[in-house]
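There are 2 protein chains.
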Amino acid sequence: MNNPMNRHDRKPLWLIAVVVFSLAFPLQAGSPVGDSRDLKLVEKWEKVANGVFRTVVGNHDGEMHYSDLAAASPKIETLNRLPDVPISKALKSASFRLLADGKVLVRIPTEPGEKIYGYGLQFDNTMKSGQIVELKVDHFKKGGGATHAPVPFYISSKGYGVLFNTAKYIKIHNQVGSRKDSKHNPEEVDRNPPADEKQAGPWLALPPGDAVEAFIHGKGLEMVGFTGTSFQDIVARYNLFSGGGAMPPLWGLGFWHRTPAKYSAEQTAAEIAEFDQHRIPLDVIGLEPGWQSKSYPCTYEWQKKRFPDPGKFAKQLLDDGIRLNLWVNPYISKHSRIYEKMKPLSGSHLVWLGIVPDYTLPEARQLLVDQHKEDHFDIGISGYKIDECDGYDFWLWPDYATFPSGTSAEVMRQTYGMQLQSLMHKELFVKNNQRTYSQVRASNGAASSYPFVIYSDSYGHNQYVTGLSSASLSGILWCPEIRSARNEREWINRMHTVCFSPLAQLNAWASKTKPWSYKNATDAVRNTIELRMQLLPYLYTAFANYNQQGIPPVRSMLLETGEGKDQSKEQERKLDGETDPYADGFHQKITEDNSLYMFGPDILVAPFLNNSTKRQVQLPAGNWYDFYTGKLLGNGNKITITAKQFNDLPPLLVKEGALIPMLTKSVMRTKDIQGAAIEIRHYGKKDGTCQLYEDDGQSYDFEKGAYTLRTFALESGQLKQKIVKKGAKPLYGDVSLRQMTK
Amino acid sequence: MNNPMNRHDRKPLWLIAVVVFSLAFPLQAGSPVGDSRDLKLVEKWEKVANGVFRTVVGNHDGEMHYSDLAAASPKIETLNRLPDVPISKALKSASFRLLADGKVLVRIPTEPGEKIYGYGLQFDNTMKSGQIVELKVDHFKKGGGATHAPVPFYISSKGYGVLFNTAKYIKIHNQVGSRKDSKHNPEEVDRNPPADEKQAGPWLALPPGDAVEAFIHGKGLEMVGFTGTSFQDIVARYNLFSGGGAMPPLWGLGFWHRTPAKYSAEQTAAEIAEFDQHRIPLDVIGLEPGWQSKSYPCTYEWQKKRFPDPGKFAKQLLDDGIRLNLWVNPYISKHSRIYEKMKPLSGSHLVWLGIVPDYTLPEARQLLVDQHKEDHFDIGISGYKIDECDGYDFWLWPDYATFPSGTSAEVMRQTYGMQLQSLMHKELFVKNNQRTYSQVRASNGAASSYPFVIYSDSYGHNQYVTGLSSASLSGILWCPEIRSARNEREWINRMHTVCFSPLAQLNAWASKTKPWSYKNATDAVRNTIELRMQLLPYLYTAFANYNQQGIPPVRSMLLETGEGKDQSKEQERKLDGETDPYADGFHQKITEDNSLYMFGPDILVAPFLNNSTKRQVQLPAGNWYDFYTGKLLGNGNKITITAKQFNDLPPLLVKEGALIPMLTKSVMRTKDIQGAAIEIRHYGKKDGTCQLYEDDGQSYDFEKGAYTLRTFALESGQLKQKIVKKGAKPLYGDVSLRQMTK
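Chains C and D supply the protein sequences, listed in that same order.
The first sequence lines up with residues 1 to 742 when you count with the UniProt record's numbering.
The second sequence lines up with residues 1 to 742 when you count with the UniProt record's numbering.
Calculated from the structure, these hints are not laboratory results.
Treat the hints with caution; some may be incorrect.
Note that identical chains are pooled: a pair holds if it fits in a single copy or bridges any two copies.
Unchecked claim - Each computed DSS-like pair below joins lysine-lysine, with the alpha-carbon atoms no more than 27 Å apart:
(1) LYS171 with LYS158
(2) LYS171 with LYS219
(3) LYS89 with LYS115
(4) LYS262 with LYS305
(5) LYS40 with LYS171
(6) LYS40 with LYS343
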């Protein structure tokens with residue numbers, strides 16, 4: 001309880017009652033389940049850490065678990081500093097059946113009104129009650145479960161989460177379906193009654209189900225259950241179980257730009273110069289496929305006609321503070337020098353006629369890593385954009401492809417993005433003590449500790465924004481990159497969204513749109529990017545919190561803990577004493593609105609979608625202030641905001657009492673942050689606190705304690721600094737207070 | 001060879017060369033396959049009958065085969081009267097693999113340019129090359145394989161067909177995917193070459209595959225291969241293997257109308273009177289859910305408030321020549337008298353809170369049949385509309401539901417429609433020597449001998465028409481019923497389509513549209529229905545041909561055998577002698593145009609879609625004539641036709657030399673056909689032949705020979721009649737010739 005970054009400390013809650021209930025829970029292990037006679041109760045939930053429980057039904061030996069692929073081991077110590085919330089009633093009531101046709105079914109009962117959220121990067125919504133999801137890596141479908149990151153993890157409004165810890169395809173009925181022997185079925189209703197007959201209620205096309213039921217083809221299934229005091233707490237525990245959140249290098253949080261597929265070194269340098277001319281901050285240049293001698297499939301070798309001296313080119317850019325990121329796809333060309341050795345280590349099928357390496361094999365990993373180190377890392381390449389590891393069915397290998405390790409085609413598909421993240425992160429970057437911040441098209445369960453951000457082909461603006469919310473529920477990072485816009489206004493609006501996301505990238509080379517393409521929008525675009533640069537101290541600290549505490553830096557309103565609201569109701573509950581912690585212990589008022597999201601702990605982003613300049617915002621409880629003026633905007637009410645009111649800057653609302661540490665002035669490169677002055681903006685009337693994290697910005701020395709953490713508290717108008725840990729050289733210069741609310 | 005209904009007799013073709021090749025075929029059983037080292041050659045194809053071959057890979061014992069569910073045994077004798085076409089090269093080269101993760105894969109190689117067609121009722125297209133289909137009963141999806149009748153049967157442009165004879169879900173890559181060790185892969189191409197580098201060809205997002213590869217979850221798989229001399233011949237053999245085509249009662253081919261869900265006996269009688277007033281022919285009235293005491297789920301018992309004396313009501317209608325068809329769905333209400341006994345014979349999950357009987361159990365079948373016989377059949381009910389046996393995932397039982405027989409949920413889903421057809425057809429109607437013509441929402445493989453027509457929720461007019469083509473490739477019947485129209489013209493056009501389909505039904509009660517609703521269209525509608533009635537002798541004979549020879553009565557242009565075209569080219573081929581019957585023996589010029597279809601052997605329907613009144617028609621080879629005027633319209637060229645040209649009657653084109661037997665005058669009920677005069681219309685200049693089939697129109701006595709078959713041949717302007725078989729009383733009166741082409 002002595003880590004000041006632990007936001008959970010603020011809410012111990014109803015722990016005593018919980019213990020009582022836990023002991024009194026009446027179900028016996030292995031017995032048939034009351035409301036589903038065909039099923040057996042899950043025998044045993046092993047406690048992994050506080051609020052984390054694991055079980056296996058059937059025989060899941062030898063199967064791949066997402067947690068095996070995590071970048072780091074579970075942060076058990078951190079978990080055990082969190083409240084010891086007992087297993088939930090639902091998990092204790094979970095049951096299963098091994099079916100004769102080779103399926104494993106698990107059932108986790110739900111209560112009336114219970115809501116289910118999650119399942120990874122979803123573009124349609126975050127709430128999945130009444131839906132069936134088929135979780136499969138596939139970039140094509142929007143909804144139904146198939147997506148870039150179909151994470152088999154859900155959270156329930158009753159205060160628990162479940163990870164189906166298998167890398168197989170899984171299909172999940174979320175409160176869809178009625179068992180014949182259930183005691184919770186609604187009354188049967190005639191759909192066509194005679195006029196004089198009364199019915200028990202309206203006829204429903206989809207009678208509400210009373211469970212989450214999931215199945216895979218296999219002999220067994222591992223599940224990991226999570227409990228917590230809020231959605232944020234449950235998700236944080238899931239992330240901590242997954243090794244914690246990713247920690248990007250500081251430069252990764254600057255502005256990114258990708259150049260056209262066939263650009264040369266000269267053209268790239270000229271484009272960087274244009275950024276400077278237009279005074280647009282820039283930290284990363286992404287090279288698209290044509291940097292390679294062959295692409296689709298790939299060689300990973302430099303196309304010397306375009307990049308005659310890649311080492312010199314990379315160094316010139318690095319000297320200027322610009323990092324290079326390289327586009328790759330996983331399929332290897334005959335013309336690559338690693339092709340011959342990789343061929344026997346690859347699967348039965350080709351993708352775009354390139355071989356598909358089996359990266360569950362250490363030899364295959366080593367081949368790729370050695371080549372990448374020599375050709376890329378050693379000249380200063382900062383990371384990759386791993387494309388095409390999601391695919392349609394007809395682009396990837398089929399579900400019956402075979403791989404030399406014996407790994408099945410479907411497990412390979414579900415995990416390929418993670419395997420690529422794993423080998424690049426662990427064997428190229430961590431091993432050489434350099435952080436990367438990279439991009440990937442596919443990810444999955446227990447992936448939160450990989451510093452890879454998912455991106456994709458163009459989606460609608462509202463889908464991009466929904467993705468920011470849904471990603472945060474499943475330990476993944478999402479980049480709503482800009483490809484194009486239909487008009488100037490949309491260009492500004494999309495720039496707002498991407499600059500207030502985990503990775504601020506312009507990827508508009510195909511549409512040839514540049515930050516200054518819309519002349520009248522150039523200032524708004526520049527101001528937006530500069531604002532992101534100014535907020536880097538705030539954002540970098542939020543990432544440190546993600547890394548150490550598992551709290552997503554950009555997140556769904558579902559993960560709001562309600563710090564801003566009046567806590568008296570919760571106090572009353574606590575003082576009353578709880579008799580059923582399962583039914584009533586989860587004190588969260590859920591704000592389910594995917595058109596809003598939180599950027600760090602205190603800033604609410606209410607984006608104008610598409611080309612709109614006006615919108616309504618249903619404010620959560622508590623006072624909310626205009627980021628720019630410090631004026632009170634409302635409290636729990638519905639307000640209308642306009643682009644004009646924010647001078648075309650991002651529509652940001654700040655919590656009561658918030659302290660927001662930011663640079664007093666923007667910088668053109670993150671390297672210029674060194675020694676820059678910080679102002680801590682204070683909003684509202686109440687006192688507040690904030691943290692400020694510093695380290696070297698690029699190595700993994702912070703894991704050995706080489707970081708500095710300060711807390712700032714406002715007490716009676718005075719800013720009090722406390723140094724929690726001093727392990728690194730100072731990153732920033734002077735710190736001053738700025739009172740925003742007059 | 002002595003059955004005159006056998007159209008195949010006209011084309012013996014290249015048989016001698018085939019035998020030579022068959023003996024010389026070099027592959028050895030069980031050996032690894034040349035172009036796919038991971039696979040084993042399929043060991044043995046057992047010859048079932050001429051052109052029908054069966055094999056099993058792995059162990060498929062105890063699994064359900066669609067052929068086990070067929071209404072009748074394979075017509076081996078009929079098959080053996082067809083040319084003895086040997087197994088195809090593709091089938092002999094088929095290979096397989098049992099995968100470690102419990103899948104069975106089969107691979108059937110294809111050649112460059114080979115095209116794949118089929119997979120049941122598909123609304124997007126008939127050609128499936130370059131597509132992946134997941135065959136699953138589901139009424140929601142359009143394309144991708146999920147459909148009301150996802151029949152795992154395809155035909156290849158290289159002259160063979162394959163039935164994957166399993167009732168499991170199956171996923172099939174149709175020339176999608178490239179194996180690493182294939183010798184047929186295209187050359188790798190760089191997608192982003194420097195300007196001065198030449199490429200082998202254009203970069204392709206989807207390199208052409210060289211096989212059909214299919215898999216299921218299981219330990220083995222049965223396949224049935226078909227060869228033939230044309231697409232029509234292959235499909236006919238598939239239908240004969242499935243027991244032959246369905247033989248509807250004559251009344252089933254009359255006009256059908258469905259009344260609103262909550263109509264009473266009185267209201268129904270009044271609606272029939274309205275048909276008579278408007279002089280609209282009518283044979284069948286369909287009662288919708290409200291005829292039952294409870295529906296969704298169902299009791300199957302009469303709602304006495306609406307139908308106080310069902311027996312009397314049914315008899316009154318029958319006396320007038322009107323049959324009743326009853327809507328049902330398979331899910332049984334607590335209020336049904338068979339509920340208690342059925343409950344233990346039902347599955348683990350409910351649908352709309354009704355139990356789901358396991359009709360693989362004889363006791364369950366008997367319970368339903370006994371109730372249906374007593375309450376329905378014995379009072380003269382003619383058949384059923386079996387709704388909701390297709391469903392979305394979230395309407396039906398889940399894939400992990402269990403059933404008391406041990407039948408898996410997925411097999412139950414794939415076959416439920418067939419099981420319901422089976423028990424009603426065999427145990428209610430055949431057993432009592434009454435034919436039914438009924439409707440069903442789901443069917444599947446080897447179902448051609450069931451007299452059930454698939455229908456569905458509203459589709460676009462072009463999808464309805466495409467369904468007519470695709471259904472005919474897989475032994476199923478499809479009804480493009482009319483629900484509504486956006487305007488008068490669309491109403492007429494849709495009426496044309498449904499009257500030239502296997503079942504002419506108006507199902508527009510929800511939209512309250514009646515044949516006379518569009519006042520200015522009433523004559524066109526009446527004339528169209530009357531034309532169908534006049535063509536009953538022609539259509540009924542086509543169904544007899546379906547029943548006995550397997551040739552679909554309404555069919556895709558792919559099934560055109562090209563009788564109309566100049567045969568000299570084919571003669572030349574034959575005289576030349578063939579050296580590779582596989583490569584060149586399949587003499588069909590494929591007309592792939594799903595906007596056209598054949599109605600019986602000689603009438604081409606070129607429907608005006610939606611509200612159009614004009615369209616282009618690419619005519620197949622041979623002369624084609626205007627049905628109404630006998631004028632020549634074209635030969636192999638593209639023509640434009642207009643609704644005006646056909647006086648708003650259906651756009652029908654007739655083959656050169658065709659003889660079309662039809663009533664001289666329409667009738668209001670099919671019962672009035674008895675003794676009606678026949679005119680045989682002759683089109684074009686060449687002599688031709690036709691057949692005319694007669695039986696009692698309602699019993700199964702025809703199976704014991706109680707039918708009469710005449711052929712008519714035009715020789716030098718004179719109609720010559722030949723009685724091929726005389727086994728039944730005459731149905732029609734005098735026969736006369738009408739020369740249509742002057």
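Next item on the list: Quick one: which hint numbers does this structure break? Sort them smallest to largest.
Entry: none
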